[in-house]
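2 protein chains.
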Amino acid sequence: MPTSKDPSFAAIIPEGDNRLRQVCTDCGFVAYENPKVVVGAVVTLGEKILLCRRAINPRKGFWTLPAGFMELHESAETGAAREALEEANAKIEIEALLAAYTIPRLSQVQLIYRARLIDPAISAGVESLEVGLFDYADIPWDELAFPSVNWALTQFASVRHLSVFPAFGNPPGETGDHHP
Amino acid sequence: MPTSKDPSFAAIIPEGDNRLRQVCTDCGFVAYENPKVVVGAVVTLGEKILLCRRAINPRKGFWTLPAGFMELHESAETGAAREALEEANAKIEIEALLAAYTIPRLSQVQLIYRARLIDPAISAGVESLEVGLFDYADIPWDELAFPSVNWALTQFASVRHLSVFPAFGNPPGETGDHHP
Ligand SMILES: [Zn+2]
Ligand SMILES: [Zn+2]
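Residue numbers (the numbering used here), protein chains in the order written: chain R, 2 to 181; chain V, 2 to 181.
Calculated from the structure, these hints are not laboratory results.
Any given hint might turn out to be false.
Intra- or inter-copy, both count: the list cannot distinguish identical chains.
To be verified - Pairs of lysine to any residue residues, derived as SDA-like cross-links and limited to a Cα-Cα distance of at most 20 Å, are as follows: (1) Lys61 <-> Pro173; (2) Lys37 <-> Pro105; (3) Lys37 <-> Glu75; (4) Lys37 <-> Leu73; (5) Lys37 <-> Ile57; (6) Lys61 <-> Asp18; (7) Lys61 <-> Glu16; (8) Lys37 <-> Glu72; (9) Lys61 <-> Gly17; (10) Lys49 <-> Pro121; (11) Lys37 <-> Leu107; (12) Lys37 <-> Gly47; (13) Lys92 <-> Asn19; (14) Lys37 <-> Pro15; (15) Lys49 <-> Pro105; (16) Lys61 <-> Ala12; (17) Lys37 <-> Ser108; (18) Lys61 <-> Thr155; (19) Lys37 <-> Gly69; (20) Lys92 <-> Cys25; (21) Lys49 <-> Leu145; (22) Lys92 <-> Val127.
Quantities reported herein were computed from a predicted structural model and do not represent experimental measurements.
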């Protein structure tokens, strides 16, 4: 396993690189660690917005957007649609990129798309306790799973009636950590 | 090493997952493989655009945007600025997200920002043979390193005089593979 606990791995700057990596001293394999990509969507049916209550940790019991880790060999848009299907049995059509966030503490990039529910039949997938369609005024703001869910919903509201809008990044000064 | 060549790893669906992963049969470590994130920028100085001629493979000798793999614990914007500094000694200011591309064959997400050169002094970093500032009409289209460089430059041109514009994705039907 390419971890620093493996005795054959050592922290070495590989040739042509400029920082320490975990390198196998037996065979030279460089175990690059990379940021992870989360893909998700703000999914609407008319004025209503799809949220999922998490059945798993972290933040079990809190509400989130359908989103999850992007798989190999899929596009970001396909991944976002796959997550909506897995978590809410929701068939969606991707419309536009809403935001590209970074959570440096978690080395996580989040690509959040705006999407349309193309079949009103939704139900909880294995990672959801329940799913629901919420009016913006009824969003359970105090029970959202992650700061970035709040960002996406707020930013979405500011452009929801525009067909063309620039993609957002993190709100100024925000890093994705929970505020006390 | 968590590869399928390691005899202690086997293809297993971990509990709570829904697809085969490489799992160590000794200790249960799941070697998730994740898409990689490339961050880069279309950097301008007035009407001119910064390009770098690659000193390394793949596509050594061809022209590209300053871009490279995002590191752990940095934001995408910081990463794009770092790459411009490493590859072209270019100090830049990120303006807006230009595009989020996916290259499924390479399991690669590319986040390309629009940026402004804040100091006209540029020079080749170790991964560049030379760097240059090009008028759009003088871009060496036949010597661009990757299809996504072409996409970014073309899409950039379509919005360069707009201060607000939607982020692009892959052009319709394009997957990032070279056309014959
Ligand atoms: Zn090894
Ligand atoms: Zn093991």
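Exercise. Which of the listed hints are not met by the structure?
Worked result: 1, 12, 15, 16, 18, 20
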